[in-house]
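Enquirer: Chain by chain, the residues:
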Amino acid sequence: MNKMRKLLLIGLALLILPQALAATIGVSPGNVKFEDVLQGGYAEATVFITSDVDNNLSIDYQISGDVSTWIKPKINGTQFFVQKGKPGRFELVVEPPANVRPGVYTGKINFLTGALGQLEGTVGNLIRAGVDLLITVDITGEERVACTAGGLSFSDGEVGFQHRFTSTVLNTGNVRLSPGNTVRIWNKFQDEIVKELQFTGPEILPTTSRSYSRDFELALAPGQYWADLTVPECGYSQLVTFNVLEEGAVVDKGTLQEIRNKPWVEVGELVEINAIFSNDGNRFVLAKFLGTISLDDKIVDTIETDELRVESRDSVQFSHLFRPREPGRYVVTGRVYYNNKISFEKSSVINVVPKSAEPFTKKLIPYLVYLIIVLIILILLVKIKQARKRRGR
Amino acid sequence: MQPYQTADDNRTHYTNSSCDNFTVIDGDTRRYSCLFSIQYWANPGQWVCNATANDTGKATAFGNTTTTINDLIALSTPSMLDFGDTGVSNITDNTLFNISNAGNKKINITIAGFGNQSNDTLAMVCAQGNISWDNQRFTTNVSNITAPYDFNAMKLVNNSEYNATLVANFTIDQRNMTAESATNTTLWRVNVVPVAGGPYGICNGTLVINAVDAFP
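Keeping their order, the protein sequence lines are chains A and B. All residue numbers for the first sequence refer to the numbering used here, where the first residue is 979 and numbers rise by one. All residue numbers for the second sequence refer to the numbering used here, where the first residue is 6 and numbers rise by one.
None of these hints come from the bench; they were simulated from the model. Hints are not guaranteed to be accurate.
Unchecked claim - For each label pair, taking beta carbons as the anchor points, the in silico distance ranges come out as:
1) A12(B) x G1018(A): 40 to 46 Å
2) V200(B) x G1018(A): 52 to 58 Å
3) G1119(A) x C54(B): 34 to 40 Å
4) R1079(A) x A219(B): 56 to 62 Å
Keep in mind the model is a prediction, meaning the values are calculated, not measured. The beta-carbon is built from N, C-alpha and C at its ideal position, and this holds for glycine as well.
Looking at chain A on its own, in the form it has when it is part of the complex:
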């Protein structure tokens, strides 16, 4: 057989020989510690099982240790599948019995792949790769109430219709929690409380989060309002604005995006202050910018621009000129008033430094000019006198 044919056959043989591909399995986190779990309580955790295998890889799991009877995975059966780019999300619940003594208990969950390859030779082993997830549960007899909250909102609504309060709360304690919620409603100018609402949210299990909402009919006149939304047990509150609309009314929505100006200027320099406003509603609005400029908490100037027509989905720039008379850190604060509504307040800073000293030569210039003019006048006078003398002869 000639050499080329031999090489070709060897090459083909290499191509069809079984490839001992590597496979990876991992669990993250590799250790789960449940702390301060109440006797007879509840806790959850999530781990991720990852692999770099391109095809679906089966994963079997087995729970062992002191805590094996307390752990209930949120999964049907004892097998699931993972592949590269699609990690397995494994959620486990711990529910220790009410009569367990306080202390630290351990266990583990072993995650094991199916066979990873296919043998071609006479003698060999298929490999199953596994990782152990170590579990520690610290049992306590003391109740602890704690939570965090976020995503609070209060919706617009037409007169006679309801407004929706929405919140998300994470229970970081070790007892079931039904969080209290407070809604304090202010008028447009935020100088009078017009209504206060309170209610209790749904029960939230320890270590879990839940989003919930509640609808309210407010019986308020149409207009803009502000609401302080509070979840006191979580120590969280948020100020939002909402509208009570005329029946069938279009809601006006505008945003004061920013107040923009040159950040560093000299005393006596003219500064242009621009407030950028966008109309996010579906019809035009008439808008103007009102604000103040303060130095060391004292108002040194007020701003009231002309009223401008701002079309739907358009932006405008309100401008104001200001000349600072002394150095310091000035704060510009203001809101946009549009179609009987008020935007959130924004602010900006102007840093004013003393006027820099002029170069000596620059100071001389006016004097030189005067001197030259005087000299010219003197020369002209002399020439006039001389001319008169000649005429007199």
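Fit chain B to the given chain A structure using the hints.
Expert: Quick look at chain B alone, frame taken from chain A:
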């Protein structure tokens, strides 16, 4: 945690010095977004992000925040341990088998082997006959091997999946500069002992290679 001037190291330190993706909040506030691609072998635990800002007025300020990188217990192995063809009454040649740490913590390894199922007293099941569990062995002493390793000096593989052999002195470190820094090698041999009616034909078994956190 490293001082922020420390050189970059994929285990402990990353730098992004060209962070210029920002959103304007108001006249004197911008929100910057800086991204880091973290390698899988980055140390677990609390990380501190130090951010320093300089403006055109030569003012500078800095702040920091913390985040947590979870531990990852992971291993990577070939999909098979293939001894090739051999005859009855032979011991297979030295066959190397690498095990790599694909996580970010040191791992220990346990190994179990069986023919069909755990505790079946077999290492392999053949077309005719079997190879018993104590005729497949391994060693972690793989340096300067020039001859077939003494089979009687090699370690047994436990036949029970639930009572696997912890491989002593075999902790595999997390990766550092190269992938090789996180790989340990084992050496295997199988003694094909003749039994009544065999063994004959293809002989296959299963090895369970398991990783566990070496320092939980």
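Enquirer: Failing hints, ascending?
Expert: 1, 4
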